[in-house]
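*Asks:* Taken in order, these protein sequences are the chains called L and W. Counting with this note's numbering, you get residues 1 to 125 for the letters of the first sequence. Counting with this note's numbering, you get residues 1 to 658 for the letters of the second sequence.
What the hints contain is simulated information worked out from the structure, not anything from laboratory work. Hints may contain errors.
[Unchecked claim] The calculated EDC-like cross-link candidates involving lysine to aspartate or glutamate, where the alpha carbons are at most 20 Å apart (straight line), are:
1. W/564 - L/92
2. W/549 - W/528
3. L/98 - W/508
4. L/95 - W/506
5. L/118 - W/124
6. L/94 - W/528
7. L/118 - W/410
8. L/93 - W/508
9. L/27 - W/426
[As the list claims (entries may be wrong)] Here's a subset of chain L near chain W, in silico, CB distances under 10 Å, partners left out:
10. 13
11. 61
12. 77
13. 78
14. 82
15. 89
16. 114
17. 117
Ideal Cβ positions, reconstructed from N, Cα and C, are used throughout, including at glycine.
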Amino acid sequence: MNDKKHILIVEDEEFIASLYKMNLEQKGVEVTTVYNGQQAIDTLKTITPDLMLLDLLMPEVDGFEVLERLKKNKQKISFPIIILTNLSQQIDKKKCEKMGAEDYIVKSELGTEELWSKLSPYLKK
Amino acid sequence: MPLIVLLIPIYNWMEHDLTQATLARRETIASLSATVVQERLDHLVDVGRSLAGRIQFRTFIAEGKWGNAVKILESVPSDFPVIERVFLADTDGTLMADTPELPGVRGKNFADRDWYRGIDRTKEPYVSEVYKRSAEPRYNVIAIAIPIYENAQVPQRALGILVLQVKLESIMQWIRDIEVGEAGFVYIVDQRGHLVAHPRFPVQDDIIDFSSVPVVQNALRGQRGISVVYNPIEKEKRLAAYEPVKRYGWGVIVTQPEDLAFLQRNSNMQRVMGIYIFALLISTLFALRIVSATMKLRVAKERADRETANAHKFQQAVSASLSATVITDSETKIHYINPACEKLYGLTLDEVKGKEASAVFIPSDQQSTFEPRFIEKIIKGEVFDTDELVSLRKDGSRFNTHVTIYPVKEKEQVLFFVAIIEDITEKKRVDQAKSDFVSLASHQLRTPITALRLAIETLLKGIVGSVSEPQRDILTRAQRYAIHLAETVSALLYVSRVEAGTVRLEEDAVKLDVLLKEIEDEHRTEFEIQKQEVVIDCPSNLSIHTDRKLLKEIITNLMSNAIKYTSAQGRVSIVLSQEKDKIRIDVTDTGIGIPSHLQNQIFTKFFRADNAQKKKTDGTGLGLYLVASLTRILKGTISFTSEENKGTTFTLWLPLSV
């Protein structure tokens, strides 16, 4: 049995996604990376992660739409969704909170260690 | 018995209403009379101005041809029967010519006359006090003196004075027909309290001094009102309403014996009371209500007439305004819209006069957002300010406006509303563009920075292979730059948002110990690197109603500074406490301090103290500027004490609720 925690990263910048993946794997979690919203939705049909890191601005299906579709499908989401974006306007944050995001992190403002201290409480449950 | 008991309050109530009606009527008459006098005098001044403004007339005067000049005016006394005589004086007050001509006055100096002293003082047209004319028969007159200028547009040195003389009998005509009721009358006093017109005194022949009469004194002081005065000669109490003729310093008094003034009230009282005593309780009440309502209606009508007169004066001022302005009556029916408003909405005054204002200017589907807020404010009698209101043009197109509605009140009662409308379409477009730019810049700058930060960190941690000491050194420095860049971008975006005014307050109950823990966690790495001792002292039950994000930004900035400018092994502390209705936050460090000669500059944008620049190169110069701006937004205050090489304490005071 694999009791490793599983994080799904949705991030269109592949380089950034791979760096997050490396750093988080270092902490002993399993990481899946996908590069746009459509892939995220497809992936969620087959796997249920312990946490999803969701970027907002992405080509085709963006993060807002992912939130909206998940909400509309009334899929029971058993895992926390944390927004990881470079949009920092309060209005975006409020919008995401309304659509069910648990937390909102501005990418450029946090190093990997600070990011980990934010994420780890969500994984302990 | 119950009938009698009930009668007492009814009696008092009715007496009060009827008394009010009686008093209001006298006040209205006084106000009306003062307006009549003022307008008549205005008219005479206008006549004088236009006579003195004729080009040929001025040319004659300039050439000293007084005789020719006065010829032009020959027909004035017959054209304007009120004007008894016209004469011309030079600037020293010497009479040079007159019509109709009287013997023995030419060449006489009148510099001691009130009309001369008045015009000498004001250089403006002047209405004189009552005086005895010098030619025989010596009856009393007033004079309207008009300065004659070489160029009426550019009054410089006066060439002479045109004087219109008016007999007091003519002034009496103005007020004779005003109905005051039995034994009631109106009289006029000049600026010294001398009678100008009085139906019971021979004012034409004697100068009669009324300046010691209290109501006259009140009117001359510019006050209006009503009093009961005792006339010792006629041994009666009189009701006297007084009103100033403001522009000319005169006064108007309306007076009637008190018993007669209240005669109608008293007879009303007796009659109605008679009915009450014999009537059934129900019908008694019913009759009373009708009487009261009628009286109230009368008062209301008189008031409404006065309101209309007021509104008229007001609208003249408004018509020239470049802001779209609407005046409505107290029931929000349109009374007037100015040309700017006609243009903005593509309407004309004639089309909308008398219509309900909100129905004209606001689309029907927007009414529900407007009405309740408006009514709520108006009930409180406050100024109503819409943030943003969708407006409707005549052609059906819509646009965004900002509307401010002022109730204009008299004695707590709204007379009319004035609404000033601002088209904010352009302002909204600019705001949107600003906000779009900030959002775009935010993303485009941050993405590469994120990549840089993550890449360097990943290398430093040895995740992709071990790093040699010289490589580690380079990467550590590069990391510092990347973090600095990230902080600068965040601060710049924040500052631009604050300056653009797009930072909106989002109030929430904030548990301060939770917030502080969060901030501490985010700075843990920095503390560890610096080996600094950190003390956070926050009572667990402390909370504040404010914008969480802005407060966090303030504390984070103060904390970052404390860490940055304190050497390793130093101490940083944050102490929170509540004092009355304020939260106090002290951020103290044992760092380099702020040199005393620079202390007054630290909240300036891009300012960095020279010792700070030496210690660390990565400050943005925006942190404290941002702290100060955000503190202001949260309605707090910030101060600090600092000593170089000892440390600094910043003290932040925030209201418990924004």
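*Asks:* If a hint holds in the structure, say so; if it doesn't, say that too.
*Replies:* Checked hints:
1. W/564 - L/92: Violated, at roughly 31 Å.
2. W/549 - W/528: Given that 20 Å is the threshold and the Cα spacing comes to 25 Å, the pair is violated.
3. L/98 - W/508: holds (15 Å)
4. L/95 - W/506: holds (13 Å)
5. L/118 - W/124: violated (80 Å)
6. L/94 - W/528: Roughly 33 Å between the alpha carbons, so the hint for residue 94 of chain L and residue 528 of chain W is violated.
7. L/118 - W/410: violated (62 Å)
8. L/93 - W/508: holds (15 Å)
9. L/27 - W/426: violated (52 Å)
10. 13: holds (6 Å)
11. 61: Violated, because the Cβ-Cβ distance from residue 61 of chain L to chain W comes to roughly 17 Å (cut-off 10 Å).
12. 77: violated (24 Å)
13. 78: violated (25 Å)
14. 82: violated (15 Å)
15. 89: Because about 6 Å separates residue 89 of chain L from the closest Cβ in chain W, which is inside the 10 Å limit, the hint holds.
16. 114: holds (5 Å)
17. 117: Constraint on residue 117 of chain L satisfied, holds at 5 Å.
Violated hints for the displayed structure, listed by number in ascending order: 1, 2, 5, 6, 7, 9, 11, 12, 13 and 14.
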